[in-house]
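Protein chains in written order, with my numbering: chain C, 515 to 846; chain Z, 515 to 846; chain X, 515 to 846; chain H, 515 to 846.
Hints in this document: simulated from the structure, not taken from any laboratory. No incorrect hints appear here.
Chain H is faced by these chain C residues, among others (derived, beta-carbon under 10 Å):
no.	residue
1	Arg774
2	Ala775
3	Leu782
Glycine included, every Cβ here is placed at the ideal spot set by N, Cα and C.
There are 4 protein chains.
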Amino acid sequence: MRAVTFQAPGEVRVDDVPEPELLAPDDAIVRIEATGVCGSDLHIYHGRVKIEPGFTIGHEYVGTVVAAGEGVHRVAVGDRVLGCFQTACGECFFCRRGNYHRCVNSRTFGHGAGLGSLQGTQADQALVPHANLVLRRVPDVMGTGFHAAVSSGLQPGDVAAVLGLGPVGLCAVQAARAIGAARVLAVDSVPERLAVAESFGAIPVHLGEQDVRAVAREYTEGRGVDVCIDAVGDPRVLDTAIRITRAVGTVQCIGVYAERAEVHMGLLWLKSMTLCGGQANVIGHVDRVLALMSAGVLDPSALVTHHMPLDDAVEAYAIYDRREALKIVLQP
Amino acid sequence: MRAVTFQAPGEVRVDDVPEPELLAPDDAIVRIEATGVCGSDLHIYHGRVKIEPGFTIGHEYVGTVVAAGEGVHRVAVGDRVLGCFQTACGECFFCRRGNYHRCVNSRTFGHGAGLGSLQGTQADQALVPHANLVLRRVPDVMGTGFHAAVSSGLQPGDVAAVLGLGPVGLCAVQAARAIGAARVLAVDSVPERLAVAESFGAIPVHLGEQDVRAVAREYTEGRGVDVCIDAVGDPRVLDTAIRITRAVGTVQCIGVYAERAEVHMGLLWLKSMTLCGGQANVIGHVDRVLALMSAGVLDPSALVTHHMPLDDAVEAYAIYDRREALKIVLQP
Amino acid sequence: MRAVTFQAPGEVRVDDVPEPELLAPDDAIVRIEATGVCGSDLHIYHGRVKIEPGFTIGHEYVGTVVAAGEGVHRVAVGDRVLGCFQTACGECFFCRRGNYHRCVNSRTFGHGAGLGSLQGTQADQALVPHANLVLRRVPDVMGTGFHAAVSSGLQPGDVAAVLGLGPVGLCAVQAARAIGAARVLAVDSVPERLAVAESFGAIPVHLGEQDVRAVAREYTEGRGVDVCIDAVGDPRVLDTAIRITRAVGTVQCIGVYAERAEVHMGLLWLKSMTLCGGQANVIGHVDRVLALMSAGVLDPSALVTHHMPLDDAVEAYAIYDRREALKIVLQP
Amino acid sequence: MRAVTFQAPGEVRVDDVPEPELLAPDDAIVRIEATGVCGSDLHIYHGRVKIEPGFTIGHEYVGTVVAAGEGVHRVAVGDRVLGCFQTACGECFFCRRGNYHRCVNSRTFGHGAGLGSLQGTQADQALVPHANLVLRRVPDVMGTGFHAAVSSGLQPGDVAAVLGLGPVGLCAVQAARAIGAARVLAVDSVPERLAVAESFGAIPVHLGEQDVRAVAREYTEGRGVDVCIDAVGDPRVLDTAIRITRAVGTVQCIGVYAERAEVHMGLLWLKSMTLCGGQANVIGHVDRVLALMSAGVLDPSALVTHHMPLDDAVEAYAIYDRREALKIVLQP
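Given the sequences, and given the hints that come with them, work out the whole structure.
Below, the structure written as structure tokens:
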């Protein structure tokens, strides 16, 4: 079957690879119908995240179950499904607390030996371990697969800010509105992204042209926002987040941090703030997100700027790398 | 000044009464601009809730501050304000926990000596004690005053049901959608009310013509709804609520119960459910509700079927008593 | 092997039954070393809970793993283990939310076809499905097996009341103290049970000789207790619970209810209370309880009044039925 | 009356100052009976926190109410009281959410014009504004006044670590045990402090002689502690906290941070941790702490190493500055 494989920094290829086979009783095999290109894939593409040459990449997918082990009972052959980007065992210390994103046996699709040697989903088919936890039936055909939106501790009536309007930030904007934010300040410097955020009901704030701190004060009687989501992962963004968030407020870092950074602990302490880090608990939240998508409250289709055949994966990566696309979906 | 006073069961009157005066440093006086007629007023009108003849009734109001004691600092003379239906001291055991609705020194407007001898708001002016807690500035002119919507423990993506679509139930429908319910089943037997609920995004369920339990199962893969709001206050409604709610779900009784009732404790136990009772914590939630109204997410105007002058209060009560109105607003 | 089997109402027997065999990859077989006799067993003994004649009863157990399927990885052959009284699949709607007690595939040991046809633990050996979720390694030899203590929403500094001091109620008393209750009022009419509660740091309240409501007021400045646990399951006890609990407080019913009951909904509404029902989420809490037992904070040994050989099961049931024992542990 | 006043860095003096007078209806005057010397006082003593020469210092106190305004109704003249170190208005955005520690009108005793110009409590008498919120009746004579213990999100059965065993850290140790921590690792390099922590039921860990990370792994099956309290306020301590805390765990910084600091954001992100900063919400928690002290569960007396007369304040500060005391209580 065809699969998009990593070859070397800056080089991916559509290769011919063996079809997957069921290995464990709770494995399933999914025929991929759409699979996204994500910012994480770019980290691999650029060689910042190292994986083995020839490894299939990709971790966002919808498709149809074509085979399932005898222990798979929550989905069946023929079901259209959406899958999570990582697996979870359901039984370790963290899974038992619902923290599936920290499962000690977790494997991530398309990230090589470092994250569990699980072949990616930018291919005709993918093997899905622990299918009972990882896959969900999708009631109707969905235009795209995308990761679960953000759980941020936001309360109804809060004013939220989202810093950085890539696909993840825009999902956070949409989700914040859907769960009761009175106002969402959407901050970026790219006019097209600000326009998408505004179409989701957010107040666009142009970084550079507008004074973000002044806007935050304006909408909160001078207090600062209740919840601020850093969807970039950069110390300067975090600094802005800490400054524009009110006392006893929350800053949630969903953008990736990988190193030490200078943080204004004095301000964080003085304002009795909470700072949360880390990737989303996708398996823990996917049911809720799917329910909201199925009801039309959340709609990821506005984020997809390009649908392309899997065979054009090389071109897709080049486009994405030139930042000419918001979200690309590959279709085998 | 004019005031709507209770005279005897079935008899209210527009009377001439003395204007209020400031009594404590944190008192304010509000010139009433709109004041609602509520189902609770009907309890007084019918004599089921007993108050002294001549007492001014009414407890829903917006207006303008015309006088304020020296200890009032959160609103000022000239501010347009919305007020809560009850006062709170801000200092007792319950207030310190944010349970303002259970303040041990609380007084309710327009309910006579039994609830603190605080004259009502269906009048030209009203005295508002503890104005710092009870009043809120209203940014723009608001078409009506109405009480805070419901806090129900609902989580994003949940399926909710609201039983009973009077003004309170319809507010609950609107609020449930606003804070992330994927679906809201709105149950009543009056087609007009079902139509209003549907316009708020709910799924209307006609009690009597449809099988409520079957509809609940249909939208929840057979489990039952996550949260059910009993907005009636009747043991048969509560029984339905317990039956259509899923295991480990929540039934919230905002409809008034005043007596003992037969409850299916066996089912409640078997399903490990939570049952919550009691009136809303209005002071605790009013900021959030106002923020959502100000952002246009919540809009109470659809609930108001009649605007009438205060002088027509006698006729207004007769209309409301004949159930020909959903919500009546009196304007002095 | 030997096993205690139900024969007919009032008749149990120590029978010879076949040894269990592994059936699924995540099954384990445990050689039972101690197994409790519980109030639920009495329901079977008396015929109120109907099971098939010849079925092995019992559901409280500690022992040693003597066989394990290839999918069992959290315990191993030779491990001393404590097991939960019911199984959970780890993958259904409720398990994914951590509500293991409501697993749709759950089976309960020793309760016949009605609860999953899983043979009981009052035997030389027991088959344990889903062993990864159901079993836990026990660091040191533990004197007895007992159910997980109670999760009641209690906050540090609260005053709690426990109504009914059987083994479950006494566990609740001990756990309430361990997690920060300032005072625990322990209510029963049996002096021996009151003495055990007092030894756990509770304030004993003799039902009948003392005025429970007056004592509750005395310790709470007249407000009523913050949390009240009904460990009996009787409408009169529930009525007391609702009366002695403060406004915005919680009543938790861990005692079993199986039918309709008259509940003072008026009082529950007026006090804005929360009423929770249902059995404990043992799999969800067992790690925390074991950690507290291992640290010596919780100690169930004080509850065991009789250790008897499995061969004396017939006599054990007779003693327990005459209420001459608090907790009996059978040892094969 | 006598009062301990700041004069210049390194110089305090017992001065003669005017007695306080009631200024607002909810003011009270307290005759001080015991008043602590706290680490924060040392910041003033050293000139790091700047206040006006001649200003009375001190903010920990118990005493007796000798005068009260007409608006004071929760305490009365003659009551023995414990007071919080800061005041709160009870009415602002933060107070209405129970975040009294962030009250926008808050004033802190003994911290000069920068924190509200409220004279300190190391004096014969102190004026206490907003006495209804700030003061609490103390049922029996209490040996010392001390700040509220820590609210850390700790769950029953958790393993906690406390880094830094000054009075605040030791209070955190004691409180963690009282509210259900299975184990508390108490980390410091001073043997006397480790001994006090051990007497509170903690596991002492000698910083320098023991490998803190190894000990944390040993007690948590290699995962790291569930909750870690940084009671120092130093970036190196915070780094240790982030390293020894498990994934999806919480680090709470109660030690003071005033500046930027290098934080291992990469580790915090990778482990999906929560980092909370800031001083305790004393007014929000004081009722719970007093209830636990009154029940004997919390006992601050073990922390007081010196009782000295107020007249010896100069010597007391010198002793405290030489770190020869854990907690000094001055008695007028």
